[in-house]
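Engineer: Sequence:
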Amino acid sequence: MAKKTQPGKTVPIKTVLIVTGVLLVLVFFVGQGVLKDLLFYPPAPSANYPTPANETEARIQDLDYLELYVRGYDRSFSFRARGRGLQLIKETQARAGDLSLAEFELAVSRIVALGENGHSNAWSGSRSRRHPALPFHGYWFDDGYFIVGAKGEFSSLLGAQLTHIGTTPVEEIYTLFRPYYGGEDTGFKAYALPFLMENAAFLQTLGIVENPELVEVSLVLPNGEATTVSLKTLPANPDRPLFWARGWLLPEGSLPGAGDWTALSDSGAGQPLYLQQGDQPFHLKPLPEVNGLYVQYRQNNDGDGFSISTFNSQIRAAIRDLSPDVLVIDARHNGGGDYTMTAKLMFDLPGLLPEGARIYAITGHDTFSAGISSLGFLKEAAGDQLTIVGRRIGDSPLSWGETNDFVLPNSGIGMTAARGLHDQLNGCYDWIQCYWTDFDYPSAVGSLDPDIPVPFTFADYIAKRDAALEKILEIEGVK
0 MAKKTQPGKT VPIKTVLIVT GVLLVLVFFV GQGVLKDLLF YPPAPSANYP
50 TPANETEARI QDLDYLELYV RGYDRSFSFR ARGRGLQLIK ETQARAGDLS
100 LAEFELAVSR IVALGENGHS NAWSGSRSRR HPALPFHGYW FDDGYFIVGA
150 KGEFSSLLGA QLTHIGTTPV EEIYTLFRPY YGGEDTGFKA YALPFLMENA
200 AFLQTLGIVE NPELVEVSLV LPNGEATTVS LKTLPANPDR PLFWARGWLL
250 PEGSLPGAGD WTALSDSGAG QPLYLQQGDQ PFHLKPLPEV NGLYVQYRQN
300 NDGDGFSIST FNSQIRAAIR DLSPDVLVID ARHNGGGDYT MTAKLMFDLP
350 GLLPEGARIY AITGHDTFSA GISSLGFLKE AAGDQLTIVG RRIGDSPLSW
400 GETNDFVLPN SGIGMTAARG LHDQLNGCYD WIQCYWTDFD YPSAVGSLDP
450 DIPVPFTFAD YIAKRDAALE KILEIEGVK
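Numbering-wise (numbering that gives the first Met the number 0), the sequence shown opens with residue 0 and increments by one.
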């Protein structure tokens, strides 16, 4: 039975009338589309500064421009966070000439992170290319941090667990880097921490290593042997292949443009459903053992040569043909896109299924942005008919999105500025803060935490097991 949304609070009638009147006037004279763009997608402020005389002046200008971000171009800052951010800007300007490039970048990242919003952060990828890096990529599983991608000559490290960098345990490194990301711990692990941990200049800045060109790491190899090795880092490179950590979980060959970088997972038989067809953004397959249907979204928009609208139509057709008793929506690696591409389908799904059908959603730390919104729409429509299985999602359902680019004029440090509020916990009703398209898809679901938590471990990954799907099949009576 679909659950009805009930507004959680009332707004004084005077405020409603004033805001409504102002908006009606603006819509009449400007047009709703134009007004929406002005509110949620305004161009970044102009950076009209004279050519800096030196690096110190260049950084002072960058920080002056960053003040516009903190003062309101990004809308996620609380008034206390804004005050703290402005204070840190002034403090950083006072010592701008004494900072290394890495120190300056981390100072900027810390200021941006004060918004405590998963969409409002300095860009991880482009930043990592400006500094020397460790020759591998890792993923934070529930049983540790493991190497899942490596540059050619370092492929022997694949599958090893990273326990220390220098003499610092990875758990402590997590804590040291945490202030430089705004958002949930889960999103930090999925989207920022791998890039930060592999940035040798940042490791040096935080006192974790002494030499950013030669870094000692401690590992537990796949055979169980503990070892310590010194690795020559990769030089800064604007063309270094970059993928989100989840991309390296896919079978070898799934990442075009990876060059001589190698993924841990092979492309052979026996891969669980969530890793099959790794070169495609969507996946649909019957689950005959439970008269079910498995649906996977790895993103919430079109991919190269793949239409999400076509995929949605395929889902509807499969439900008509199979009349499944069980529907599994796998969103664990859906990093987002455009939630309007899936909203109608998510609201329609409960009504498309036979009476008494069960719906499951698999989630993980990589579930983010429009991936979260789509999950919220499904829960709004399905209510108790939906069971969420897996790990916690990568951001709060109450967060700022609708992002715009904001780039510091001299250093080129980029970040996202979030302008539209989404609140799927309580419902979003504020015409000034809430993203207007949300009013077309109202949802207030209270929580998107897993009903049945299931860890995502490296042990399961390397054994080609899908513990989350296995749990669902177990619930459905499959031994």
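Hints were generated in silico from the structure; no laboratory data involved.
Treat the hints loosely; a few may be bogus.
[Claimed, not checked] Straight line, CA to CA, 30 Å or less: simulated BS3-like cross-link-like pairs of lysine-lysine:
| id | residue 1 | residue 2 |
| --- | --- | --- |
| 1 | Lys89 | Lys284 |
| 2 | Lys284 | Lys470 |
| 3 | Lys463 | Lys478 |
| 4 | Lys150 | Lys35 |
| 5 | Lys284 | Lys343 |
| 6 | Lys284 | Lys150 |
| 7 | Lys150 | Lys463 |
| 8 | Lys35 | Lys343 |
| 9 | Lys343 | Lys470 |
Engineer: Next, verify each hint and record whether it holds.
Structural biologist: Consistency of the hints with the structure:
no., hint, verdict
1, Lys89 x Lys284, "56 Å, violated"
2, Lys284 x Lys470, "18 Å, holds"
3, Lys463 x Lys478, "18 Å, holds"
4, Lys150 x Lys35, "45 Å, violated"
5, Lys284 x Lys343, "21 Å, holds"
6, Lys284 x Lys150, "34 Å, violated"
7, Lys150 x Lys463, "23 Å, holds"
8, Lys35 x Lys343, "21 Å, holds"
9, Lys343 x Lys470, "28 Å, holds"
Comparing the model with each earlier hint shows violations of hints 1, 4, 6; every other hint is respected.
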